[in-house]
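Chains as they are written, first to last, in this note's numbering: chain A, 1 to 383; chain B, 1 to 193.
The hints are simulated quantities; they were obtained by calculation from the structure and are not laboratory data.
Fair warning: there could be bad hints in the mix.
With a straight-line cut-off of 25 Å between C-alpha atoms, the simulated DSS-like cross-links for lysine-lysine are [what the hints assert, rightly or not]:
{"no.": "1", "chain 1": "B", "residue 1": "Lys92", "chain 2": "B", "residue 2": "Lys9"}
{"no.": "2", "chain 1": "A", "residue 1": "Lys235", "chain 2": "B", "residue 2": "Lys149"}
{"no.": "3", "chain 1": "B", "residue 1": "Lys9", "chain 2": "A", "residue 2": "Lys246"}
Remember, predicted model here, so these are calculated numbers, not experimental data.
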Amino acid sequence: MPTKRILCKYFKNGACFKGDACEFSHNWSDPESNVCMYYQSGNCAYGRFCRYEHVKLNRQEGISVGKALPVQTHINLVNREVASSSATPRQGACDVEASQDSRSYAAANIAWKEPSMFSLNAADEQENFPYLPADVGCSVDSASSSATNGAGAVMKYNDPSEEPICALAAAGRCTRGETCPYLHGDVCTMCGKECLHPHRPEEREEHKNQCERNQKRLEALRFSQDIECSICLDKVLSKPTNAERKFGLLSGCDHPFCVSCIRDWRRTSQPQGSGADTVVRCCPVCRVLSYYVVPSVIWYSTPEEKQEIIDGYKARVRDIDCKHFDFGNGKCQFGSSCFYKHAYRDGTTEEIRLRHLGAADGNTVIAKDVRLSDFLGRLHLRR
Amino acid sequence: MLDVSRVQKELVEVAGDKVSGVSIQLLGNSLSHLQGTIDGPSGTPYEGGVFTIDIQLPSSYPFEPPKMRFITKVWHPNISSQNGAICLDILKDQWSPALTLKTALLSLQALLSTPEPKDPQDAVVAEQYLKHNNTFIATARYWTEAFAKRSSIGLHEKIQKIVEMGFSEEAARAALQSSGGDENAALEKLCVG
Chain A
1 MPTKRILCKY FKNGACFKGD ACEFSHNWSD PESNVCMYYQ SGNCAYGRFC
51 RYEHVKLNRQ EGISVGKALP VQTHINLVNR EVASSSATPR QGACDVEASQ
101 DSRSYAAANI AWKEPSMFSL NAADEQENFP YLPADVGCSV DSASSSATNG
151 AGAVMKYNDP SEEPICALAA AGRCTRGETC PYLHGDVCTM CGKECLHPHR
201 PEEREEHKNQ CERNQKRLEA LRFSQDIECS ICLDKVLSKP TNAERKFGLL
251 SGCDHPFCVS CIRDWRRTSQ PQGSGADTVV RCCPVCRVLS YYVVPSVIWY
301 STPEEKQEII DGYKARVRDI DCKHFDFGNG KCQFGSSCFY KHAYRDGTTE
351 EIRLRHLGAA DGNTVIAKDV RLSDFLGRLH LRR
Chain B
1 MLDVSRVQKE LVEVAGDKVS GVSIQLLGNS LSHLQGTIDG PSGTPYEGGV
51 FTIDIQLPSS YPFEPPKMRF ITKVWHPNIS SQNGAICLDI LKDQWSPALT
101 LKTALLSLQA LLSTPEPKDP QDAVVAEQYL KHNNTFIATA RYWTEAFAKR
151 SSIGLHEKIQ KIVEMGFSEE AARAALQSSG GDENAALEKL CVG
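Okay, chain B solo, but in the shape it has when bound (with noise of 0.2 Å):
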């Protein structure tokens, strides 16, 4: 049996924190199946992106550890770039009771920014890291640019839109980027302020 009360206990405490850049859906009603989002850490090639993580939790959570897999597609040496399969210790043979859905969101958050390229998930990405690491770098940016940006899907065509409107471009813009791509909320915001 699902420890029910601990997991509700868990996405109350997730969904109060604001600030970490770690967020937790439903899925239906069950509770064995969620979905995670983390955001990429500044100063590293995935700045920006917006990751989802598919969250399976067996039923005998958390005296074993949830079943994470990415969503979105993302180009780092400990994740595989073709299915999403994460490789970190903790979600395996040293995963603790202790640890929460959060805790383990915020260590992918940690392995996005510090790559274990010597236990690698996915081999040709482990290679590129350390090789050519500055293709690495690139590919990994365009990976993020494509695939984890919400906001940069049809930038141009919500700018043109308001700019029919009557508004700036530069004022566009920037309400675009205040409302996180959101074309609706920055209509509204151009139209109050």
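Next up, chain A with everything else stripped away, as it sits in the complex (with noise of 0.2 Å):
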């Protein structure tokens, strides 16, 4: 849902295969996306010489992001390998950039083993590419020999954090172990990767944070592997389908049921007369009182976990428009309270004026809709 609102780079150069069903938005007004998601955790080779934004994203923003850039990061890769590789043979201004670039994409084109699709044949990629700018500034012995053999010349930085670190060992796995000509990262104690770089403390303290906030998550996950619903007695995450695998999160207490079943149990109508209204907006098993139900992947063990999920919920649906206000055609229950976007489709958003009254007491009360039924039913009581 959020990468559609980032405008589709495919498209953007009019090639774009998947029409319609698209992830991303087909819409020149939306935003480009530019930020690069290497950086997010912590470890890109490029360091400040990379063509992407290396701006931290919060959270929120990190979740639609996150599914947007394998995309973008896939054209990045095609377009600077060639760029370099075919325009090696003719530059012969010297440029630590457009080297680096490359010896670092050959070490991922090893990683990924599509020999067709990144040649390494320069005359090839002119013939396939002639409308490639030529212009990159390039040296022939250092980016040729590193980009035909992947392991060439050691390059001599000024700068010690400007020299990139082995992508392949950042990965994971790298074959080539000890007689790697790249920097090999120091291991990170949590996820067992050779991807810190030694001398950007800055990209050490970011992966660090990263992958404790990982791990917690698959704590929590497993944590709520075991919770059962206490309406259908299953555990939640063991549901058949993906879209049951839900907790829903009562406001009031810490109950725990799947939010399919919580749903259900609130929407079923009760005995007219019977005062039951509110006896199922109550908790099933403790009864107090909760006025909405959040839905979770994963279940949580302090308040402010709960909490957090809650906001999380809470600004994710604030950006969607409300059905029910329909864009100031329809009418919405929950007025103010409603978690969903009340604009109209100018874009300014609802107001809401509250009316007082004076009553005769003194007292000030606020004027809701007047409905006929409350009349008849108070006068059904006074009978």
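Take the two lone chains and join them into the complex the hints point to.
Below, the structure is given as structure tokens:
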């Protein structure tokens, strides 16, 4: 859903095959995402030379862009590979950046094993992509040697933090081990990969934080596996379909249910006149009133975690237009308490003005919608 | 559609529990019609009785309460002496899907020990409970003896039979009592021991 708001890179170049099925937006007004995914996990091998932006996403956006980026990085790789290898034989100007690119991508190339796509034959590339700019700065000796055998000259860097680390080792497995000409990062104690750059402290910190978060989430997921729904008596995360494997968190108490079970129960209509309208809105176990149910794939163990899940959910749905409000055409019974977006077609949000009525006893009450049934109900009581 | 897997789980749970004095039996192949039994709580006129309850599960169970009715005749202000209908809030508007057949049967057991005469199902019984409590207790005990005691049916004849086989009357009575009134089981016990 959120990637639909990011402009498709293929579409932008007039080459998206997916058409309406594309998970990215085909609407020119949507912004492009230019955020480096590797930076998010703290191990971008390009450092400050990366063509993508090294900015930190907050967790919310991180989810949406995380999906989007593999595709974009893919383009990134192809383009760069082609640019550097095709430009190599003709240019003499030396530039560390380009050679660095080609070296690392040669390494990436080995991992992917797609020779047809990543042919290192410079002549072929030149024929296939004659429109590529030929003025990419690159030295003949360093870049061509590195591009052809992937293990060329050792570059000298003024600043050790500029030196990229071996992408294969950072991904978990470098077959060359000791003989690898590239810098191997330090081993992260949590994920066990050689992905900590020895000279980039902020990236190390970033990666460690990311690993810690992943670890926590994994732990929470493991803990959630054994939790049973009190309605269907099944383990929530062992339900047959993916859609059912979600907890429904009640705002008022801490009893676990499947989101489908608790929603089914809250939808059940109770016999009239029993005052049972509130019964279905109470927790089936402890009968504490809850005003809303929040879906979540993991169960929480502390109140802070619960609050985090609830806040995350609210923030997610706040961007989604309320179907009951329907851009001002409909009426949403939740009014200002609705979690969804109440905006008109022109983008302005709904303003709620409460009407205050002064009662005879001096108190002020908030005027609500007047319904005929209210009066009839009272009439019935009086009789 | 009845949630079959939940009902099966509940049946397994009840079958595994021997101490709480409730049990559920299947009637035929359908899971929607069951029969439960509860032991009369001790310290009440219903002590020693075994009460059978007819259970019908609606298709929307557990989102709707099970329909329960006493098959065994019982003298109680909240249970109809005519048709066994039960007046209990959790079987009506206070039902919750977190309740199970076992908890419902346990609630019935609790209802037997604490009658609610202010909210009666059987007005005659409730009136007797409030005005002539001693008569009520006597009647309830008599109904339990007469309708709810399996072992009491033909106890005298069984003892007589065993005595004819050459055992003493006391031993026969004790053996019958420990085997729950089953004549064959009592005989076996006497032969072995």
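We went through each hint and held it up to the structure:
no. : hint                : result
1   : B:Lys92 - B:Lys9    : holds, 23 Å
2   : A:Lys235 - B:Lys149 : violated, 41 Å
3   : B:Lys9 - A:Lys246   : holds, 21 Å
Taken one by one, the earlier hints fail for this structure only at number 2.
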